[in-house]
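> Here are the chains, one letter per residue:
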Amino acid sequence: MNKRAVVTGIGVVSPLGIGHQDFWKNLVSGNSGIAPIESLDLSKYESKNGAEVKGLNPEEFLGRKGLRYLNKGTKFLGSSVKMALDDANLEIDEYLSNQTGILIGSSLGNFSQTTDYFHDIVRENPSNLSPMQSYDVALNSSINYASVIFKIKSFARTISSGFTSSTDAIGNALKLIQNEKADVIIAGGVEQISLDLYMIFYMRKMLAGTNGAGSEISMPFDKRRNGFIMSEGSYVFVLENHDYALSRGVRIYGEISGYGSIFAGSRSSDTSKRVEKAGNAMKRCINDAGLSPDDIDLINANGNSGKMSDLIEAKAIGELFGKKSEGIPVYTVKSALGESYGASGAMQTATALLSVNNGLIPPTINYERRDPECNLNVVSEKLEKEANTVLINSFDLSGNNSCLIVKKHE
Amino acid sequence: MPRIVVTGLGLVIANGIGVKNAWDALMNGKDGTAELKSFDTTQYKVHRACEVKDFKLDTVFENETTANTIHKYTYTAAKEALKDSGLSDITGYDRERFGIAIGTLAGELPPFEYLLRKATEDKANGFDMGVALTYPPSSITTLLSEDFGFEGPNMVSLNACSSGNHAIAWAFDLLYEGKVDVMLVGGGELIPQTEFTHFHNLKALAPEKCQPFDRNRKGLVIGEGAGIMVMETLDFASKRNAGVYAELKGYGMSCDGHHMTAPHPEGAGAIKAMLNALSAAKITYEDVDYINAHGTGTPLNDVMETLAIKSVFKERAKEIPVSSIKSMIGHTMGAASAIESVVSCLAIKNSAIPPTIHYETPDPECDLDYVPNGGREINVNCVLNNSFAFGGNNVTNIFSRL
Chain A
2 MNKRAVVTGI
12 GVVSPLGIGH
22 QDFWKNLVSG
32 NSGIAPIESL
42 DLSKYESKNG
52 AEVKGLNPEE
62 FLGRKGLRYL
72 NKGTKFLGSS
82 VKMALDDANL
92 EIDEYLSNQT
102 GILIGSSLGN
112 FSQTTDYFHD
122 IVRENPSNLS
132 PMQSYDVALN
142 SSINYASVIF
152 KIKSFARTIS
162 SGFTSSTDAI
172 GNALKLIQNE
182 KADVIIAGGV
192 EQISLDLYMI
202 FYMRKMLAGT
212 NGAGSEISMP
222 FDKRRNGFIM
232 SEGSYVFVLE
242 NHDYALSRGV
252 RIYGEISGYG
262 SIFAGSRSSD
272 TSKRVEKAGN
282 AMKRCINDAG
292 LSPDDIDLIN
302 ANGNSGKMSD
312 LIEAKAIGEL
322 FGKKSEGIPV
332 YTVKSALGES
342 YGASGAMQTA
352 TALLSVNNGL
362 IPPTINYERR
372 DPECNLNVVS
382 EKLEKEANTV
392 LINSFDLSGN
402 NSCLIVKKHE
Chain B
357 MPRIVVTGLG
367 LVIANGIGVK
377 NAWDALMNGK
387 DGTAELKSFD
397 TTQYKVHRAC
407 EVKDFKLDTV
417 FENETTANTI
427 HKYTYTAAKE
437 ALKDSGLSDI
447 TGYDRERFGI
457 AIGTLAGELP
467 PFEYLLRKAT
477 EDKANGFDMG
487 VALTYPPSSI
497 TTLLSEDFGF
507 EGPNMVSLNA
517 CSSGNHAIAW
527 AFDLLYEGKV
537 DVMLVGGGEL
547 IPQTEFTHFH
557 NLKALAPEKC
567 QPFDRNRKGL
577 VIGEGAGIMV
587 METLDFASKR
597 NAGVYAELKG
607 YGMSCDGHHM
617 TAPHPEGAGA
627 IKAMLNALSA
637 AKITYEDVDY
647 INAHGTGTPL
657 NDVMETLAIK
667 SVFKERAKEI
677 PVSSIKSMIG
687 HTMGAASAIE
697 SVVSCLAIKN
707 SAIPPTIHYE
717 TPDPECDLDY
727 VPNGGREINV
737 NCVLNNSFAF
747 GGNNVTNIFS
757 RL
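Protein chains in written order, with this note's numbering: chain A, 2 to 411; chain B, 357 to 758.
Where hints are given, some of them may not hold.
[Said to hold, decoys possible] Label pairs and their computed distance ranges (CB to CB):
no., chain 1, residue 1, chain 2, residue 2, range
1, A, Glu181, B, Arg571, 41 to 47 Å
2, A, Lys386, B, Phe411, 35 to 41 Å
3, A, Glu125, B, Glu721, 22 to 28 Å
4, B, Pro358, A, Tyr96, 29 to 35 Å
5, B, Phe411, A, Asp244, 51 to 57 Å
6, A, Asp271, B, Ala475, 51 to 57 Å
7, A, Asp244, B, Ser635, 16 to 22 Å
8, B, Pro720, A, Met133, 16 to 22 Å
9, A, Asp244, B, Asp396, 54 to 60 Å
10, A, Asp244, B, Glu675, 48 to 54 Å
11, B, Asn481, A, Asn180, 32 to 38 Å
[Unchecked claim] To be clear about the criterion: a stretch of chain B counts as covered by chain A if any three or more of its residues have a C-beta under 8 Å from a C-beta of chain A, and this derived list gives those stretches:
no., stretch
12, 467 to 475
13, 542 to 556
14, 584 to 593
By construction, these hints were calculated from the structure, which means they are not laboratory data.
Note that the coordinates shown come from a computational prediction; the quantities given were computed from them, not determined experimentally.
Glycine residues also receive a C-beta, built at the ideal position from the N, C-alpha and C atoms.
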């Protein structure tokens, strides 16, 4: 019999608050984390909004030592891991050190710092650059840093799979716990706003406001949607073997009980094939949890305000859930926080866990003009509802479709 | 209990392209090191690397930057591996049960470097559509999925020098759980100037040659290439009468949790990865015939790995042949452990062990049988393959004769 995997700690570094308490309060109040991007000079570009992390004091979580060598993403991840460990009341002692792994999804990791370093190389004599300039530039160095300072010795793994990176990391962590490869896994995702991240989306005309029309607002499933707004942050969880969590007598936020992933394919412009693949990923995940579509109380949607991606998701939900799809509540946190790329699945998982805990669904903000082609029951006002089984959708138009099931702990 | 087997192999490395050429070169101790050509090294103290030579792509890629990409190597090695396993055409199979996992250290950084060299004023000018499409590391598996029509789970493993083995471990678990039938796995890497500089400024690069375990070893030689394997369940392979190179018995992971760049001095993490792998494979240290070492040729790694091997293999440590092909093909970073996994399967298939070349002066601190300077034909039933990465990120896997 497979072991069960439960979440006992949540660490959040987000544009809507540091720590899951502030994060949740802001979401429930319908606040938005989106504003003009301050960390980049975007005067030449038409799309200027983003959701940036503000007010993080990493020293509070990581101490002062070595902090000046760390880049933004490493500070995000390190701080959120510390928060999650404290929240789970978990002290990594010598025994636990060998039972604990870290598994993080990040599409780009520290790629932008790597290319900044290269930019220095071409402008200066490379032999004169100090090794400390490249201390924190490996794509996975944030995870290495966390493993070193928190004494995580079971394993450290970074998964990069585009928009589904952290969904796939949490899914992988679930399987490793189910199969007793680890008792405790720090799982989640991190992504940071950088010029590089901006440019790769900007060039591909995926950002809101870059298609020549429409305003720069994240409005998933709304008729006016015209692209996504990029977001940054780190969202991590202490995922534990259920038996171990019970033996510690610790608070349990919820259970991760299913995961499924299928490749969508990007060369094909065939929408119906993409709808089919998105549906198959949801099916695979629901089956993995031993459930049927009828058991799903809430969909925590991928919905990122992309014209095509929201349409494909809506159609896939319609086909899988049939008549029920018109009643089942659909929530997307990206209305308030934008698209956090490799960290999005973890951002969604945080909201799903807090939802099942509080019997509350926050509003999908900016949802004003219904799109008849996205025939969904989008929760646009805060809703008190015991939604105990949540399906999380995480779709990459040119890569994986991955899903998770979050359940109330019983 | 499902058994996981390897049914196809593909290699693109500095001393040979294609499995047959590469294996012959490895057994003959052919050194792939030469003057580095892909960028100007005038400002550096080191000018040599293990670049792939005389490479020709048998196709033209759409929508890709005209500069170099890893995709050319992973595509070529994957095509060879799929042909080898009889899966060039997967019509009729459930493609959603065919997945891909590839490891890389730097991803498609070199094409971007190419453009950035001309954009010294403003980094933003270094972006074009080709870079925008290939920049996210996931482009590596996305492109392979589309080349070969795989529709199952995809992942790129970003775990520095153990990336390939992480990808293989991830694939092993998916197969073991019965979520997929076939996994295309491996690693790919080009030589980014960034990584060259990083190693250079850490004084980790050898000026002339890579001499693992030699007393006068001076560091690693940076390399590039790809190693790809087709992995599947034994049931699936048997049903389609596929030939089997070896069984992947299991893997072990660990993390030093010690330092961002230096390994743990006593090899605590390395020992744990090897012990975990033996235990997962349900074998003991007495069953291993050959150790494919991480053996980078850096002073610290080779002593640490030797100590770790002695700790795990006890009285047998000096009997078991240990070799490092990095002496011939350099350190291919994210691809290294995948290439070494392919070579481990070939050692079993061919009952032969490639040498550690450039071995000249014994080091009292490295006193094992390193298969110096000449390949060896002996019966190989079981291979342990080590990979240790910066940050102390370790994965060891074990292959054995079916």
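> Next, verify each hint and record whether it holds.
Verification of the supplied hints:
no.	hint	result
1	Glu181/A / Arg571/B: 41 to 47 Å	holds (44 Å)
2	Lys386/A / Phe411/B: 35 to 41 Å	violated (59 Å)
3	Glu125/A / Glu721/B: 22 to 28 Å	violated (37 Å)
4	Pro358/B / Tyr96/A: 29 to 35 Å	holds (32 Å)
5	Phe411/B / Asp244/A: 51 to 57 Å	holds (53 Å)
6	Asp271/A / Ala475/B: 51 to 57 Å	violated (37 Å)
7	Asp244/A / Ser635/B: 16 to 22 Å	holds (21 Å)
8	Pro720/B / Met133/A: 16 to 22 Å	violated (33 Å)
9	Asp244/A / Asp396/B: 54 to 60 Å	holds (59 Å)
10	Asp244/A / Glu675/B: 48 to 54 Å	violated (42 Å)
11	Asn481/B / Asn180/A: 32 to 38 Å	violated (48 Å)
12	467 to 475	holds (count 4)
13	542 to 556	holds (count 6)
14	584 to 593	violated (count 0)
In terms of the numbered hints stated before, the structure departs from hints 2, 3, 6, 8, 10, 11 and 14, listed from lowest to highest.
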